[in-house]
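**Student:** Sequence:
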Amino acid sequence: MISEPELDGDTSYESTEVLTEERAPRPPGPRRPWLWALGGAVVASAVWGGALYAVQRGEEPGPDLGGYTSVLREEELCELAKLKALGGILGKRNVDGNGPVMDEPAISEASCSAGFGPEEASQTVEVRYTLHKVIDPAHEFEAKARQAGILRRIDGIGEQAWFDDASGQGGTLWILDGQAEIELSLYWQVPYDESGNPIDDAVEQPDLSGIDVPMSQDALALMAALKK
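If you read the sequence shown in numbering that gives the first Met the number 0, its first letter stands for residue 0, the second for the next number, and so on.
One or more of the hints may lead you astray.
Simulated pairs of lysine-lysine, DSS-like, Cα-Cα distance not exceeding 30 Å [as the list claims (entries may be wrong)]: (1) LYS91 / LYS132; (2) LYS226 / LYS81; (3) LYS91 / LYS81; (4) LYS143 / LYS227; (5) LYS143 / LYS132; (6) LYS227 / LYS132; (7) LYS132 / LYS226; (8) LYS143 / LYS226; (9) LYS83 / LYS226; (10) LYS91 / LYS226; (11) LYS91 / LYS227; (12) LYS83 / LYS143; (13) LYS81 / LYS143; (14) LYS227 / LYS83; (15) LYS81 / LYS227.
These are computed hints drawn from the structure, not numbers from a lab.
Kindly generate the complete structure, drawing on both the sequences and the hints.
**Tutor:** This is the structure in structure tokens:
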């Protein structure tokens with residue numbers, strides 16, 4: 000008779016068979032590359048879409064012009080440059096000269112001149128306006144100003160402003176305001192005789208010391224007018 004194993008003391012069946020076994024977790028693998036590709040494609044699509052929108056509207060993406068606009072007519076710059084503060088020092092404004100105008104997608108330039116005082120020995124103010132529509136002029140502005148001999152810095156006008164008094168014979172004020180460059184230059188014209196020699200005693204030379212103050216006032220007024 001076959002007896003029950005536990006009754007006979009046989010322990011060969013005491014070990015328990017493991018039917019299920021918990022597997023060790025797998026180490027994390029690399030991220031799926033298509034997720035990164037999808038993210039890059041979304042960003043690229045947004046950038047491209049923005050550029051396409053600008054092109055469709057006839058606009059080229061560029062720097063913020065800060066409200067400055069192009070001068071389109073030759074007489075427009077002298078109309079905007081009232082130069083009232085300088086007129087109070089130099090006398091009546093008598094004649095204007097209009098320079099060429101250039102308006103291109105990358106740059107806009109205009110210039111003009113205005114005469115003050117008696118015609119036989121007038122003071123002339125030249126005005127130049129440059130609007131950079133693509134490049135940033137700040138990188139080279141100070142270097143150009145120093146090269147031209149404009150050494151004294153004027154605070155409170157645009158981002159940078161430099162002045163040179165021309166040894167008392169006038170002066171030049173050079174201003175950078177964002178993408179716009181504005182230059183005002185004052186010259187005292189000595190009268191000449193028929194042979195082309197200067198007549199030094201014909202007209203008393205005006206005192207132009209401190210001329211940077213009215214010149215700065217007129218520059219600020221012109222900057223505001225160019226933004227309208």
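**Student:** State for each hint whether it applies.
**Tutor:** Here is how each hint holds up against the structure:
1. LYS91 / LYS132: 36 Å, violated
2. LYS226 / LYS81: Given that 30 Å is the threshold and the Cα spacing comes to 15 Å, the pair holds.
3. LYS91 / LYS81: Distance ~12 Å between LYS91 and LYS81 Cα, so the pair holds.
4. LYS143 / LYS227: 28 Å, holds
5. LYS143 / LYS132: 19 Å, holds
6. LYS227 / LYS132: 17 Å, holds
7. LYS132 / LYS226: 14 Å, holds
8. LYS143 / LYS226: Roughly 25 Å separates the two Cα atoms, so the pair holds.
9. LYS83 / LYS226: 19 Å, holds
10. LYS91 / LYS226: 27 Å, holds
11. LYS91 / LYS227: 26 Å, holds
12. LYS83 / LYS143: Holds: LYS83 and LYS143 sit about 28 Å apart, inside 30 Å.
13. LYS81 / LYS143: This hinted pair holds, its Cα atoms lying about 27 Å apart.
14. LYS227 / LYS83: The hint holds at about 19 Å.
15. LYS81 / LYS227: 15 Å, holds
When the structure is compared with the earlier hints, a violation turns up for hint 1 alone.
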